[in-house]
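For the sequence shown, my numbering begins at 7 and goes up steadily by one.
It cannot be assumed that every hint is accurate.
Derived DSS-like pairs: lysine-lysine, alpha-carbon spacing no greater than 25 angstroms straight-line [stated by the list, open to error]:
1. K8 to K24
2. K74 to K122
3. K24 to K180
4. K295 to K338
5. K70 to K159
6. K50 to K70
7. K122 to K50
8. K218 to K36
9. K136 to K94
10. K49 to K218
11. K232 to K218
12. K294 to K232
13. K49 to K70
14. K24 to K294
15. K164 to K180
16. K214 to K192
17. K49 to K164
Quick caveat, the hints were computed from the structure, so don't treat them as lab data.
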Amino acid sequence: TKGDLDVTIRGIGNVDAKNIYTITAQTGGKIEEIYFDEGMWVKKGDLLLSIDPVDTPILLDEAKLALKKAHHEAEATASNLESVEAQKTLLQATYNRYEKLREQKFASEAEYDKAKSDLQNINAQINASKSQIASAASEQLRLKKSIEAIETKLGRLKIYSPIDGYIASKEAEKAAYVLPSATIFKIVDPKTLWVKTNIDERLANQVKLTQKASIKLRSQPENKLKGTVERIVAMSNPVTLEREIAIGFESVPTPFYINEQAEVNIDVAKHENVLKIPVSLIAMKDGKKGVWVARQSNAYFAEVSILAQNDTEAALASGVDIDTDLLLYTDKNKPLSEGMKIFR
7 TKGDLDVTIR
17 GIGNVDAKNI
27 YTITAQTGGK
37 IEEIYFDEGM
47 WVKKGDLLLS
57 IDPVDTPILL
67 DEAKLALKKA
77 HHEAEATASN
87 LESVEAQKTL
97 LQATYNRYEK
107 LREQKFASEA
117 EYDKAKSDLQ
127 NINAQINASK
137 SQIASAASEQ
147 LRLKKSIEAI
157 ETKLGRLKIY
167 SPIDGYIASK
177 EAEKAAYVLP
187 SATIFKIVDP
197 KTLWVKTNID
207 ERLANQVKLT
217 QKASIKLRSQ
227 PENKLKGTVE
237 RIVAMSNPVT
247 LEREIAIGFE
257 SVPTPFYINE
267 QAEVNIDVAK
277 HENVLKIPVS
287 LIAMKDGKKG
297 VWVARQSNAY
307 FAEVSILAQN
317 DTEAALASGV
327 DIDTDLLLYT
337 DKNKPLSEGM
347 KIFR
């Protein structure tokens, strides 16, 4: 018959994803609560689990109280400084007056010395108050940094989902103790779901990015899903002599299972309006490919040139035409030979 022939390359692989997020604990501790399980969908920002903070909230409260106390002490010291500076104005005027009276011999040395001593004392109090204010400011800054650090630590005890995704695995339970960087969840970005398959190097050079493909999951053999070639790994496997190909899903199957076996058929070429025959008709004779044909009442072997073929059909470039009578040979029939008498 004449028609179009789609040439495909078949491969067996497993469901995987380009982006699988490993969710880990940023700090060690006992899991206080875990809110999701395997096979559940999550939204970006969903709280996945919380780790027992132990006494960290108490330390935060104490730091906040200490900051409030330091703030009040700083306010009291500043208020006291204003009062002392007001006293200094008066004592400075008194000292200036006694200094002039002393020069004019109208004030005794003792009165002058007392005014000078009072002024020096008030200056010392002012300097002490300023030092206390500076110290209080430093203490407030230290406490603020401490509060920020404690709040950051508390924030690390709550773990949120980084994406909208599907939980492929959960590797910890409530009340379990987890170490820093220990894996707790693996979340799949469903938009990056694909099937990884290995194709023989002799065929892989026909595979190109964006080529269309069909996918059949082992759990859904009746459903033929559409896919597209999204990655061709640059390095071949030196042992198996195969190249890894990743075929992405056009629409995400629901449900899906990571590592599930899948069959893929990649459309690598299409030949239009060609002469096609079933692959089962192709035979070998003297190392040459051909078909058995009927001429009158005898069988003859006709060598053919195969343009392309898939699992079921072959496109012929030469050797026979659309009017040729082809013979189907099966194991139940007597072996065909050149010029053999046939009955139709």
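Cross-check of the supplied hints:
no. : hint         : in the structure
1   : K8 to K24    : violated, 41 angstroms
2   : K74 to K122  : violated, 39 angstroms
3   : K24 to K180  : violated, 29 angstroms
4   : K295 to K338 : holds, 21 angstroms
5   : K70 to K159  : holds, 15 angstroms
6   : K50 to K70   : violated, 32 angstroms
7   : K122 to K50  : violated, 72 angstroms
8   : K218 to K36  : violated, 48 angstroms
9   : K136 to K94  : holds, 14 angstroms
10  : K49 to K218  : violated, 31 angstroms
11  : K232 to K218 : holds, 7 angstroms
12  : K294 to K232 : violated, 37 angstroms
13  : K49 to K70   : violated, 34 angstroms
14  : K24 to K294  : violated, 45 angstroms
15  : K164 to K180 : holds, 14 angstroms
16  : K214 to K192 : violated, 31 angstroms
17  : K49 to K164  : holds, 15 angstroms
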